[in-house]
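**Student:** Read off the chains here:
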Amino acid sequence: MSMAGPQAHDKRPLSPHLQVWRWHVTMATSIFHRASGVALYLGAIVLTTWVMALASGPEAYGAYMAFLMSPLCLLVLFGITAAACYHLANGIRHLAWDAGKGFDPKVSTATGWATIIAGAVGAVLVFALAFLA
Amino acid sequence: MTHSLRTPLSRARGLGSAKHGVGHFIQQRATAIFLTVLLPWFALSILLGTDGSYDSVIGWMKHPLNAAGTALLVLTGLFHMRLGMQVVIEDYITGPVARTVSLLANTAIPAILAVIAILSVAKVFVGA
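Chains as they are written, first to last, in this note's numbering: chain A, 1 to 133; chain B, 1001 to 1128.
By construction, these hints were calculated from the structure, which means they are not laboratory data.
These figures come from a predicted structure and were not determined experimentally.
Cβ coordinates follow ideal geometry from the N, Cα and C atoms, glycine included.
Check each hint, because a few of them may be wrong.
Unchecked claim - Chain A residues, not near chain B, derived (Cβ > 12 Å throughout):
id : residue
1  : T26
2  : G79
3  : K101
4  : S108
5  : A120
To be verified - Some chain B residues judged to face chain A by a derived CB distance under 10 Å, without partners named:
id : residue
6  : L1039
7  : F1042
8  : M1081
9  : G1084
10 : I1116
Claimed, not checked - Label-pair restraints from in silico Cβ distances:
id : chain 1 : residue 1 : chain 2 : residue 2 : range
11 : B       : L1103     : A       : V46       : 21 to 29 Å
12 : B       : F1025     : A       : C73       : 34 to 42 Å
13 : A       : L129      : B       : H1063     : 14 to 22 Å
14 : B       : H1024     : A       : L72       : 34 to 42 Å
15 : B       : G1095     : A       : Q19       : 18 to 26 Å
16 : B       : S1053     : A       : A28       : 33 to 41 Å
17 : A       : W97       : B       : L1119     : 33 to 41 Å
18 : A       : V25       : B       : F1025     : 19 to 27 Å
19 : B       : G1023     : A       : G57       : 38 to 46 Å
20 : B       : H1003     : A       : V25       : 47 to 55 Å
21 : A       : M27       : B       : P1040     : 22 to 30 Å
22 : B       : H1063     : A       : K106      : 43 to 51 Å
Can you build the whole structure from these sequences, using the hints too?
**Tutor:** Laid out in structure tokens, this is it:
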């Protein structure tokens, strides 16, 4: 039993924070940071397969781009873009925290809202650059 | 533990610091700092420098700086991604078999993606 890792077979309850605490911004940004990071696993797969299609020639690239530009894929790509913009903005917030700055509750709440807005605005800007410019 | 053949000194040494305790933490942040430059550069450069067509993207990737930057973005991003997902797996997946399989997959997948991406960038760059 001691060989299976600290949490394996441990019957103690897990942290019940989602059931106990009402949602607030600093909590949401923490959860979104992890969720967006997991979502970017798919983003890394899309980027890699896109470069692979590029290296496979014009037919493969054209077919893959046509697939990516289908409505469902565009929706997924917008989600990945928003996740990337949010994770980047909140990652910079984390780096500031690592430097010991921005822990004041008012400041961290304000920067939390800023990262959420940055994720949404960033995704819209990237799509505007991609399809309007 | 009372019947262990290991001496108390051996056990104490084995449980002590291996001088690598903050390696994961530092690597996660070092890659994060580089990605704050690499990711915006890649997005802006490819959006402003190409129209998304095969010929324009090939032309973009044949520039040494663009090929090198793309390769660095992929490698740094996949390294950062692996570190982050490792923590998620360790936090939520408690079954020993599922945890081991997940951690192995989290090593294999970024490695496979990295090799595919680097070979692809290299092929386009040399124009084979």
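**Student:** Work down the list of hints and note, for each, if the structure agrees.
**Tutor:** Right, here's what the structure says about each hint:
| no. | hint | result |
| --- | --- | --- |
| 1 | T26 | holds, 19 Å |
| 2 | G79 | holds, 16 Å |
| 3 | K101 | holds, 14 Å |
| 4 | S108 | holds, 18 Å |
| 5 | A120 | holds, 16 Å |
| 6 | L1039 | holds, 6 Å |
| 7 | F1042 | holds, 9 Å |
| 8 | M1081 | holds, 6 Å |
| 9 | G1084 | holds, 5 Å |
| 10 | I1116 | holds, 5 Å |
| 11 | L1103/B to V46/A: 21 to 29 Å | holds, 23 Å |
| 12 | F1025/B to C73/A: 34 to 42 Å | holds, 36 Å |
| 13 | L129/A to H1063/B: 14 to 22 Å | holds, 20 Å |
| 14 | H1024/B to L72/A: 34 to 42 Å | holds, 36 Å |
| 15 | G1095/B to Q19/A: 18 to 26 Å | holds, 23 Å |
| 16 | S1053/B to A28/A: 33 to 41 Å | holds, 40 Å |
| 17 | W97/A to L1119/B: 33 to 41 Å | holds, 38 Å |
| 18 | V25/A to F1025/B: 19 to 27 Å | holds, 25 Å |
| 19 | G1023/B to G57/A: 38 to 46 Å | holds, 41 Å |
| 20 | H1003/B to V25/A: 47 to 55 Å | holds, 54 Å |
| 21 | M27/A to P1040/B: 22 to 30 Å | holds, 27 Å |
| 22 | H1063/B to K106/A: 43 to 51 Å | holds, 46 Å |
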